[in-house]
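*Asks:* Chain residues, written in single-letter form:
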Amino acid sequence: MPHDHHDHPHALLPPDPALRVKALETILTRKGLIDPAALDEIIDTYQNRIGPQNGARVVAKAWSDPAFRAALLEDATPVVADLGYYGRQGEHMVVVENTPARHNMVVCTLCSCYPWPLLGIPPGWYKSDAYRARAVREPRKVLAEFGVTLPEGTAVRVWDSTAEVRYLVLPMQPEGTEGMSEDELAALVTRDSMIGTGLPKVPA
Amino acid sequence: MTRVHDMGGRFGDGPVVPEGEDAPVFAEDWHARALAVTLAAGALGQWNIDVSRHARERLSPRDYTRFSYYEKWLSGLADLLVETGVLTEEDLRGAGNDEPHALAQRALKADAVPGVLTKGGPADRDEGPAPLFSAGQAVRTHIPSDNALVTGGHTRLPHYAAGALGYVERLHGNHVFPDSNAHGLGEAPEPLYAVRFHARELWAHPEHPEDEVVLDLWQSYLAPA
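Sequence lines, in order, name chains A and B. Numbering follows our numbering, in which position 193 of the first sequence is assigned residue number 193; successive positions increment by one, without gaps. Numbering follows our numbering, in which position 35 of the second sequence is assigned residue number 35; successive positions increment by one, without gaps.
Heads up, some of the hints might be wrong.
[Unchecked claim] Calculated lysine-lysine pairs in the DSS-like style (CA-CA distance at most 30 Å, straight line):
1) K22(A) with K109(B)
2) K109(B) with K141(A)
3) K119(B) with K61(A)
4) K119(B) with K141(A)
[To be verified] Some but not every residue of chain A turned toward chain B, in silico, with C-beta under 8 Å:
5) R20
6) E25
7) I43
8) Y46
9) K61
10) D65
11) F68
12) L83
13) G87
14) E91
15) D129
16) T162
17) T190
Bear in mind the hints are in silico, worked out from the structure with no lab data behind them. Just so it is clear, the structure is predicted and the values come from calculations on it, not from any experiment. For glycine and all other residues, C-beta sits at the position ideal for the given N, C-alpha and C.
Chain B extracted, bound-state conformation (with noise of 0.2 Å):
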């Protein structure tokens, strides 16, 4: 079963707002500030991005609704930061102790940004099995669209194109692998494609006969065609 940020194809959301071009990068701002506290915090290295990002998919479904965007972010960290034991629930209450923290000599500083962000984090790994695919070949996705690892667990195959023939549209070489690294299990990285479906693949009434969904697949999520 899913989650609700697996939201690609649902219907009912209405219509899309677009903001100006010339609109401020943070409408708030407490935004620039629950972006720049999340992005410091992952800088003390006691997750990957993968685990955040299950940290915010594991919100309940009714705060995943409730909350905009970068509240999200800020209940994720607030949950990852006890999980990982960096801060204590007393510490959130605001009953913590103000002692120097066993982590303090891994903050980021002002001088570190820039490297910081400039260096990245690459999902591409020389190791991890061969491809067993090639551009062109015909593929199916697995369905159900679960975490074959973890009951529950963080998975990038949305439900939509769950079971769906698709074609592979180019090799990205091996990645870290979601489904397990979101979980303490390793990076465990395998070939990732990009792969390609017609829209009338997707969906009863697709809008165009030619329109096509492009989606980026590890080589588990796919069985030959």
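Isolated chain A, as found in the complex (with noise of 0.2 Å):
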């Protein structure tokens, strides 16, 4: 396959993006090369139904279920494909757990891997330059730009997701929060807080 060309076919679609996408559907759908019925029930998939509402499920049992925790730090694959989160970008899980030494946050510097069965399509700052390019230099920096202060003495572990290996942080469960159902826990976990930026909320 060749490499690089500098006229590149892209250039012969309409510039404006939205016009772009729409040239190519059409040439697409007139071959019968794709179905906009189709289209359709993959945007409704990760627009309505595949989000961070799964990865905190998740956490929330890992942090009510010391058996189910264990095994999720141990291979996380199965156990959260038993509760029927598996498929694309996220056939080989990971989770790493915070600590108070410390803080583990995921990053991927080459393009936009994330955990789409946990966490849905990736925010638009997960895809900018200034996160994939700071992440893993200056984590900390990063961090407070989220809002986000580390103990001196927590350490930073910054996962680059060079592979099909998928991230998922496991954060610190809130003190005050033991005894709480498992829906009251995941009202608790954000996004943010499974990809290492954020922290899970304190109950009021």
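Both chains are sitting in their own frames, so use the hints and assemble them into the complex.
*Replies:* Take a look at the structure:
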């Protein structure tokens, strides 16, 4: 396959991105190569059905159930698959746990790898040049931009998702939430706390 | 030498601007269409995920930098469709024909979408060489970080981690090797490791002496240290 050619075919499409996608969709549909109803189904899946609520349920269960937590940290893929969370961009899951001594944070410096079945489609900032460039070199400055300051004694471990393994952070359970139901706990788990750029909510 | 996508550690990008947790999944309708067209076209089976990543990385630095995220996806997709012969340049110009395509029978139908998304595309394989390294072992990454098989080819060893001393954190099993699979050279699965590096090994001015970065790296990228 050729590598670089300077008359990239994409330049033949309209420059405006909304028109560009419309043009490509139209061409492919007319040739029977894509089905617009399938596109609607894909969009509905990621807009309405798969999102951070899935990961939050995993975290809440890990906070509530020590055996589940141990199994999750040992080999997450079958454990989350048992809850129905498996599929594209989540075929190989690893869960990493925050402790007082270590805070974990996930990035993909080379593209935008992200655990879709547990967190859905990544937010814009996760895919931004600034996050990709800086999270590995100055994670604490990046965390400060999310309003997070770690204790001096906490080390940061940044996971750069360079393969098909997808990482989910297991945040520390907020103090004073022992005995809460899984549903109540799940409501405290934010998306960013599972990427490692945020912390769970603290109950009022 | 590197390509523009390999930006880990780069200076000069400015602050990260977080969106709220309740921001829409797709900021614009066309973002959703771009994602869906890309996934549906992928289902035609004419390329793999490594080929599609490389297509985005091969955008010129000028295009890569000025394009928004989903513009990169769309442009990489358009280039791949022509390179693989699914479409012609005439098609992209709007001057192609609308006759049924030879691949039309492979088109992803709405009722097959849940199954395809749920099935995913696992990258682990039973075959491949035995692991050379074990957990805790010291390893050094290759330098330069270039693809060793193909000049300017796809690789997943970032420039910032080239030539660095690290420690095997865990073994993931044998995984498809992108440096080969992106170029029609076969899946060539080999052991994949999570390798831990001290921040001070990677950066002249780490933020904290105990900070670390972990990368998933294939055996071919590593030598004993």
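*Asks:* Evaluate each hint against the coordinates.
*Replies:* Going through the hints against the structure:
no.	hint	verdict
1	K22(A) with K109(B)	holds, 19 Å
2	K109(B) with K141(A)	violated, 46 Å
3	K119(B) with K61(A)	holds, 24 Å
4	K119(B) with K141(A)	violated, 38 Å
5	R20	holds, 6 Å
6	E25	holds, 5 Å
7	I43	holds, 4 Å
8	Y46	holds, 6 Å
9	K61	violated, 20 Å
10	D65	violated, 23 Å
11	F68	violated, 20 Å
12	L83	violated, 13 Å
13	G87	holds, 4 Å
14	E91	holds, 4 Å
15	D129	holds, 5 Å
16	T162	holds, 5 Å
17	T190	holds, 6 Å
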